[in-house]
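Residue numbers (the working numbering), protein chains in the order written: chain A, 1 to 293; chain B, 1001 to 1293.
Think of the hints as simulated: they come from the structure by calculation, not from any bench.
As the structure is a prediction and not an experimental result, all values here were calculated from the model.
A couple of the hints might just be wrong.
As the list claims (entries may be wrong) - Which bits of chain A does chain B cover? Going by a derived footprint, with three or more residues having C-beta under 8 angstroms, they are:
#	stretch
1	110 to 124
2	181 to 195
Said to hold, decoys possible - No more than 30 angstroms apart at the CA atoms, straight line, and that leaves these computed lysine-lysine pairs for DSBU-like:
#	chain 1	residue 1	chain 2	residue 2
3	B	Lys1196	A	Lys76
4	A	Lys180	B	Lys1107
5	B	Lys1199	A	Lys224
6	A	Lys101	B	Lys1180
7	A	Lys288	B	Lys1180
8	B	Lys1107	A	Lys107
9	B	Lys1026	A	Lys260
For each residue, glycine too, the CB sits at the ideal point set by N, CA and C.
Number of protein chains: 2
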Amino acid sequence: MTLIDGKAVSAQIKEEIAAEVAEILKNGGKRPHLAAILVGHDGGSETYVASKIKACEICGFKSTLIRFEADVTEEKLLDAVRQLNADADVDGFIVQLPLPKHISEQKVIETIDYRKDVDGFHPINVGRMAIGLPCYISATPNGILELLKRYNIETSGKKCVVLGRSNIVGKPMAQLMMQKRVPGDATVTVCHSHSKNIKEECLSADIIIAALGQPNFVTADMVKEGAVIIDVGTTRVPDPTKKSGFHLNGDVKFDEVAPKCSFITPVPGGVGPMTIASLLNNTLLAGKKEIYK
Amino acid sequence: MTLIDGKAVSAQIKEEIAAEVAEILKNGGKRPHLAAILVGHDGGSETYVASKIKACEICGFKSTLIRFEADVTEEKLLDAVRQLNADADVDGFIVQLPLPKHISEQKVIETIDYRKDVDGFHPINVGRMAIGLPCYISATPNGILELLKRYNIETSGKKCVVLGRSNIVGKPMAQLMMQKRVPGDATVTVCHSHSKNIKEECLSADIIIAALGQPNFVTADMVKEGAVIIDVGTTRVPDPTKKSGFHLNGDVKFDEVAPKCSFITPVPGGVGPMTIASLLNNTLLAGKKEIYK
C-alpha cells in the first residue's frame, strides 16, 4: 500500500512554480498577481485565505487581499469584482466562499471575468471543462488529477466510482475522469444520496473518489483488494484532545480500508494540500495567458 | 413492453407549442423567431434544416434561413453570427453542423450569444446545465428527458448506463441524469471505447441510453429483464430495398432486446423526432425570455 503524500506533492509543485516565476522575472516578464476578496470573518475562510496568501509569497506571486465586512451589499461586492476584472495588473482572483446569505454566490461567480476565474467556478470554465477544452479547472478536482498523474496511477479503462455529486467536486471529477485523455478514459459511475447499491458499485471499483462529506462512509467491506482510494472528505469532528477542539475526518474509514488499497490518500495531508497548489497553478497559467489571451 | 413513440410525442409537443404561440399572439405578444445558418449543400444538413423550418411553420414561428456556399470564409460566417446576435427580432438561432473543415466549429459556437444559443452548445449553456442552472439544454438530451417524463419512467435511484461520451449526447445525458431533480437522481455510469466490462455494467442497468453510433451494439444478453432502453443511434446502413439506398440503424439489436424491456425506443421514430421538438421548445423559451432576460 502506498500512502499518497499530498503535502509533499503540493510542496514540490510550489517549488516548481517558484522556479518558473523566477525564470519569468529573469526574462523581464510580469510577476503573477492573485487577488482575493474576503467577506466577513468566518474562521475557516480566514484560514484558507491566509494560506493562499502565504503560498503566493512562497511562489513569488504578488497577492492582494480585499476585505469587506459581512454586511457589505451585493452591489458593492459586485463593484469590487468588476474593478478586479478591469485591473490589468491582476491576473486572476477569487472570492472566498461561502458568502453571507443576502449575497447571491452565483451572481458573484458569473460577474467574474472567466479569463480571471482561477477558481474555475464560472459557467464558461465549467462548460469548457465538460467539452474537453482548455480552461481553469477548479482546485480540488485539479489537485486529484495531479496526484493521479504524479503517482502514475493508471486510469484508462478502469472503473472509477465517484461518491457525491457536488458542483465543486463530484460532478467535475466525474467529467474529468471520463475525458479522452490521461488521467481520464475511465468508466465513471457517480453515486449520491439517492443511489441504491452503493456497496456493489464500490466493490467493483478500481478507483473510488469519496466526496460525500460523511465521515467513515467507505468501509473495508466496500473496497476491492488493490483499489485506489482518494478521500476528499474533510468533516470537522469535535475532538477534545486537539488544541483546535476538532480533527478532520475523511469519508473513508482509513484504518480498516488502507490495508486493502494499492494507493490511498490520508486525511489530512492528502487531497487538502493540493487545492492551494491548483489555485497557484491556475494563477500562473493566467499570468502566462496560456488558457485565454 | 411499451414502445416509446417519439413521433407521437413530438407531434403532441408541437401542438402544445402552437397553442401557446397562438395565445401569445392573441395577447399582443411577439411571434417567436428562429433563424438558421446553413453552409454548403450536405444532404443530411439540408434535410435537417428543411424539417426545422417546416416545424417552425407548424408551430406558428417565424423562421429565417441564411445560406452560404461551402467556400464561405470563417470571418464572413462569424459576421453573420454577430448580425443575428444583434438582431432584436431573432429570438434564437442555430448554425447547422457540421461545417466545412476550414471553419472552426468551436469558434462559431462561442461567437453565438449564449442567450440566443437554442442548440445549447455554447460553453455557458453547457456549464449552467452541469451546475444545474436554467439554460438551453441541447436537443437530443432534452428530447430524451421529455420522453422519460411523458412516459412516467422512474429514474430516481435507478442505475442508468450511458453508452458513449460525445459532447452532444453522452456527456450531457450523464450530467442530466445525475442532477437533483426528476427526471434525474439516477446513479449514472458512462461507458465508452476504453471501458472494460461494458456487458456487466449494462446487465446491472435499469436504464440504458445507447449513444455510441455502433449498429446493434446492445444485444439481448447485455440487458436485464424489465430494463428501459433509449436508443440514440442513427447509423445509415446501405439498404438496396430502400428508395434512399439506406436505412437508419440504432445501437440496439431491437428484435432480440425489445421483448426483455419495460420500455424501448424504436429507430427511427424514437429519439430522432424529439430533437426538433426540443429545438422549438428552446426557441419558445427564448421568445418568452424565460431563461435569460
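For each hint, the structure was consulted:
no.: 1; hint: 110 to 124; result: holds (count 3)
no.: 2; hint: 181 to 195; result: holds (count 10)
no.: 3; hint: B:Lys1196 x A:Lys76; result: violated (53 angstroms)
no.: 4; hint: A:Lys180 x B:Lys1107; result: holds (21 angstroms)
no.: 5; hint: B:Lys1199 x A:Lys224; result: holds (20 angstroms)
no.: 6; hint: A:Lys101 x B:Lys1180; result: holds (22 angstroms)
no.: 7; hint: A:Lys288 x B:Lys1180; result: violated (38 angstroms)
no.: 8; hint: B:Lys1107 x A:Lys107; result: holds (26 angstroms)
no.: 9; hint: B:Lys1026 x A:Lys260; result: violated (69 angstroms)
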